[in-house]
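S.K.: The chain contents come next:
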Amino acid sequence: MARDIVVGSNARCAALICAVKTFISDYKCPKTKEIRSHLNIALKPCFTYLSQCRMMCVSMENFIKHIKLQITKSSPDLTESEAREELLEACEDFFKENIYLAGKSITEKAVNRIVNGDTILIFKKSQLILHILLEAKAQNKEFKVVVVDSRPDLSGVSSCERLTAAGIPCSYVYINSSTYIMKKVTKVMLAADALLANGYVLGPVGTAMMGLIANTYNKPVIVCCETYKFCERVQTDSILYNELADPDSMLKTLNAEESPVAGWRESPNTRLVNLVYDTTPPALVSIVITEIAELPCSSAPVVLRRGAVKM
Amino acid sequence: MDDYVAEFERKRKNSKDTPVAILAIHVLNDFVSKSNVGTLQQLLEQLKELSRQLKATAGSSTTSVASGCDLFVRFITLSRGQNAPSSEIDILECKGFDPVRKFLVDRGNLFMKRLKDSRRKIAQLAYPFISDGVTVLTVNMSRVVLEILMKAHEKAKKFKVLVTESEEGPLMVKKLNDQGIQATLILDASIGFVMERVSFVLVGAVGVVENGGLINKLGTYPVAVMARSLNKPFYVAVESFKFYRNYPLSQLDLPNDAKYENAEDTKHPEVDFTPPKYINKLFTDLGVLTPSAVSDELIKLYI
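So the protein lines, in turn, are chains A and B. For the first sequence, the numbering used here gives the first residue as 1, with consecutive numbering after it. For the second sequence, the numbering used here gives the first residue as 1, with consecutive numbering after it.
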């Protein structure tokens with residue numbers, strides 16, 4: 001994950017689930033200890049290692065909470081292999097319910113929002129949003145897509161590739177020209193990495209800009225987010241809690257020249273800040289589509305309160 | 001089932017004062033107590049079909065009938081266990097359908113009782129917002145708003161009312177004048193002119209949608225935008241059975257049968273949609289709510 005081979009909150013969580021499953025299958029409980037108490041202790045250094053490689057995202061943190069709870073809740077009467085089976089099933093169920101089936105349910109609801117003649121703006125690459133658009137195309141809806149991309153990872157390019165391969169007319173712009181293109185757009189669809197308890201949407205950096213510009217031009221902003229990504233944290237700005245990605249990736253210039261700030265490490269006055277997330281206030285979001293319901297952004301805390309998240 | 005629809009039509013003709021949705025719920029309640037089906041599934045299906053038929057004959061009140069019937073069915077089948085969260089009624093615990101039917105009828109009667117009281121409760125909550133010397137602007141005829149204004153008048157408050165002409169504005173003015181409340185009819189075009197003199201806007205509703213937005217007679221949206229731009233509070237008085245399970249993102253997103261009187265004439269809508277950001281407070285029988293609280297309430301009922 002640190003080398004950006006696995007990207008995206010769903011993919012990273014799925015990868016974590018696979019890794020934990022492998023760990024549990026290979027795990028042998030010491031004779032003197034109970035699996036309930038010992039497995040958690042055994043998993044701890046693994047999670048610490050992972051968070052040192054790259055900071056955990058909210059989806060991964062929520063899965064870890066879930067699996068820890070399943071481990072402590074497991075019955076002491078079960079044999080070791082039975083307990084292991086149960087935990088493996090818990091992992092699989094978590095994936096199936098919260099990622100796979102939730103994705104399908106959200107896709108169904110979101111596709112209903114897409115009508116013929118729409119021009120939909122998406123930001124960079126999101127597995128869920130691409131899935132929605134491809135499904136809408138499969139249902140023979142006629143629409144266009146504008147992909148807004150930004151440096152340094154330029155993941156919008158692969159979004160564009162996948163959409164055009166499916167026969168969806170695509171435009172590709174950099175984030176600098178988003179105010180220009182927003183006039184021609186009918187809807188904006190964004191994916192979220194997390195939904196915070198005060199209704200703020202945590203997404204890849206640039207999402208807040210998309211929300212703000214869409215609001216200025218009065219375009220509806222649709223955020224798609226599974227409920228397992230709802231988190232209890234509260235923040236009103238992007239600085240309080242964020243992740244810094246590799247600053248050297250900002251040095252890549254478009255014309256292969258050396259960047260003027262290549263020597264930034266030596267200079268005491270220059271710093272490169274490559275933020276990963278930003279927060280979008282709930283007032284800028286028209287609707288959040290989750291697998292349970294379509295909610296206004298301010299109602300996210302209600303879902304947490306109702307315990308609807310399968311924790 | 002046809003006699004129930006006929007009964008509904010008859011009730012509509014006879015009682016102009018009761019909201020159409022309450023009459024529809026009456027009919028559904030009757031249907032539940034007199035039905036002779038053997039399973040819950042069957043009953044729910046029949047209720048759905050009857051609701052659909054009632055909705056089809058409801059004309060411009062389609063949204064409130066739809067939401068009312070939906071909420072009725074949801075309410076009667078909701079049973080709260082002691083420790084468990086709200087869940088569908090546990091039919092495995094009952095032997096035979098009769099105890100289940102009794103449960104449903106009891107819930108239905110409870111729902112009816114709460115409904116009857118709703119307008120009175122709303123008037124009770126809302127009238128303190130009217131103090132001496134205010135000028136209230138309202139759109140078209142609304143029986144809930146009428147009740148609130150009458151209650152305030154009863155408590156000897158001195159206030160003025162401006163009513164936009166819309167379709168039934170003159171009727172509202174007449175009713176207010178009959179009660180001794182000073183009411184003036186204004187043209188829809190003159191809301192820009194009068195808005196600076198208005199203290200706040202109070203309107204009724206045909207329906208309230210999931211994000212707290214308002215569906216009301218055509219002409220409400222411009223009043224809301226005008227009020228917002230001059231910083232005047234915009235209040236909505238609405239009964240809770242009008243909470244409609246829909247989430248429009250634009251004017252065209254409303255379903256066709258909500259917008260138009262008959263399905264063929266799709267040129268001139270009857271209602272418009274006011275987004276939640278223009279609404280300050282909603283006076284409902286569940287309390288004084290903000291638009292974001294509406295979805296909380298709906299989630300409590302449906303999820």
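Each hint should be verified, as a subset may be incorrect.
Unchecked claim - Keeping only pairs whose Cα atoms sit at most 30 Å apart, straight-line, the calculated DSS-like set for lysine-lysine is:
id: 1; chain 1: B; residue 1: K151; chain 2: A; residue 2: K109
id: 2; chain 1: A; residue 1: K73; chain 2: B; residue 2: K300
id: 3; chain 1: B; residue 1: K267; chain 2: B; residue 2: K121
id: 4; chain 1: B; residue 1: K151; chain 2: B; residue 2: K11
id: 5; chain 1: A; residue 1: K44; chain 2: A; residue 2: K28
id: 6; chain 1: B; residue 1: K175; chain 2: A; residue 2: K109
id: 7; chain 1: B; residue 1: K11; chain 2: A; residue 2: K96
id: 8; chain 1: B; residue 1: K55; chain 2: A; residue 2: K109
id: 9; chain 1: B; residue 1: K300; chain 2: A; residue 2: K104
id: 10; chain 1: B; residue 1: K13; chain 2: B; residue 2: K157
id: 11; chain 1: B; residue 1: K155; chain 2: A; residue 2: K109
id: 12; chain 1: A; residue 1: K28; chain 2: A; residue 2: K73
id: 13; chain 1: A; residue 1: K44; chain 2: A; residue 2: K73
id: 14; chain 1: B; residue 1: K267; chain 2: A; residue 2: K141
id: 15; chain 1: A; residue 1: K184; chain 2: B; residue 2: K277
id: 16; chain 1: A; residue 1: K104; chain 2: B; residue 2: K48
id: 17; chain 1: A; residue 1: K109; chain 2: B; residue 2: K48
id: 18; chain 1: A; residue 1: K184; chain 2: B; residue 2: K267
id: 19; chain 1: B; residue 1: K158; chain 2: B; residue 2: K13
id: 20; chain 1: B; residue 1: K13; chain 2: A; residue 2: K183
id: 21; chain 1: A; residue 1: K73; chain 2: A; residue 2: K109
As the list claims (entries may be wrong) - Where chain A lies over chain B, by a calculated footprint (3+ residues, C-beta under 8 Å):
id: 22; segment: 208-219
id: 23; segment: 246-255
Keep in mind the hints are simulated off the structure, nothing from the lab. We treat Cβ as the ideally placed atom computed from N, Cα and C, and that holds for glycine.
S.K.: Indicate, hint by hint, whether the structure satisfies it.
M.R.: Hint by hint, here is what the structure shows:
With a C-alpha separation of about 44 Å, the suggested pairing of K151(B) with K109(A) is violated against the 30 Å cut-off. Distance hint between K73(A) and K300(B) is fulfilled; the C-alpha atoms sit about 28 Å from each other, no more than 30 Å. Between K267(B) and K121(B) the CA atoms are separated by roughly 38 Å; this puts the pair beyond 30 Å, and the hint is violated. In summary, the hint linking K151(B) to K11(B) is supported, as the alpha carbons are separated by about 27 Å, within the 30 Å threshold.
Only pairs whose Cα atoms come within 30 Å are accepted, and K44(A) paired with K28(A) is accepted, the gap being roughly 15 Å. For the hint pairing K175(B) with K109(A), the CA-to-CA distance comes to about 45 Å; that exceeds 30 Å, so the pair is violated. For the proposed pair K11(B) and K96(A), the alpha carbon gap of about 51 Å is over 30 Å, so the pair is violated. In summary, the hint linking K55(B) to K109(A) is supported, as the alpha carbons are separated by about 24 Å, within the 30 Å threshold.
For the proposed pair K300(B) and K104(A), the alpha carbon gap of about 24 Å is at most 30 Å, so the pair holds. Between K13(B) and K157(B) the alpha-carbon distance is near 35 Å, which puts this suggested pair outside the 30 Å criterion. This hinted pair does not check out: K155(B) and K109(A) have alpha carbons roughly 49 Å apart, beyond 30 Å. The suggested pairing of K28(A) with K73(A) holds, with an alpha-carbon distance near 19 Å, which does not exceed 30 Å.
Annotation: proposed proximity of K44(A) to K73(A) holds, straight-line Cα distance about 17 Å (limit 30 Å). About 25 Å separates the Cα atoms of K267(B) and K141(A), which keeps this hinted pair within 30 Å; it holds. Distance restraint check for K184(A) and K277(B): the Cα-Cα separation of roughly 24 Å lies within the 30 Å cut-off, and the hinted pair is therefore satisfied. In summary, the hint linking K104(A) to K48(B) is supported, as the alpha carbons are separated by about 27 Å, within the 30 Å threshold.
Restraint check: the Cα-Cα separation between K109(A) and K48(B) comes to about 22 Å, which is no more than 30 Å; the hinted pair holds. For the proposed pair K184(A) and K267(B), the alpha carbon gap of about 26 Å is at most 30 Å, so the pair holds. Simply put, K158(B) and K13(B) have alpha-carbon atoms about 35 Å apart, too far for the 30 Å limit, and the pair is violated. Distance hint between K13(B) and K183(A) is unfulfilled; the C-alpha atoms sit about 50 Å from each other, more than 30 Å.
Pair hint K73(A) plus K109(A) does not hold up; C-alpha atoms about 34 Å apart against a cutoff of 30 Å. Under a criterion of three residues with beta carbons nearer than 8 Å to beta carbons of chain A, the stated coverage of the segment 208-219 of chain B is upheld, 3 such residues being counted. Counting residues of the segment 246-255 of chain B whose CB lies closer than 8 Å to any CB of chain A gives 3, so the stated coverage by that chain holds, three being the minimum.
When the structure is compared with the earlier hints, violations turn up for hints 1, 3, 6, 7, 10, 11, 19, 20 and 21 and for no others.
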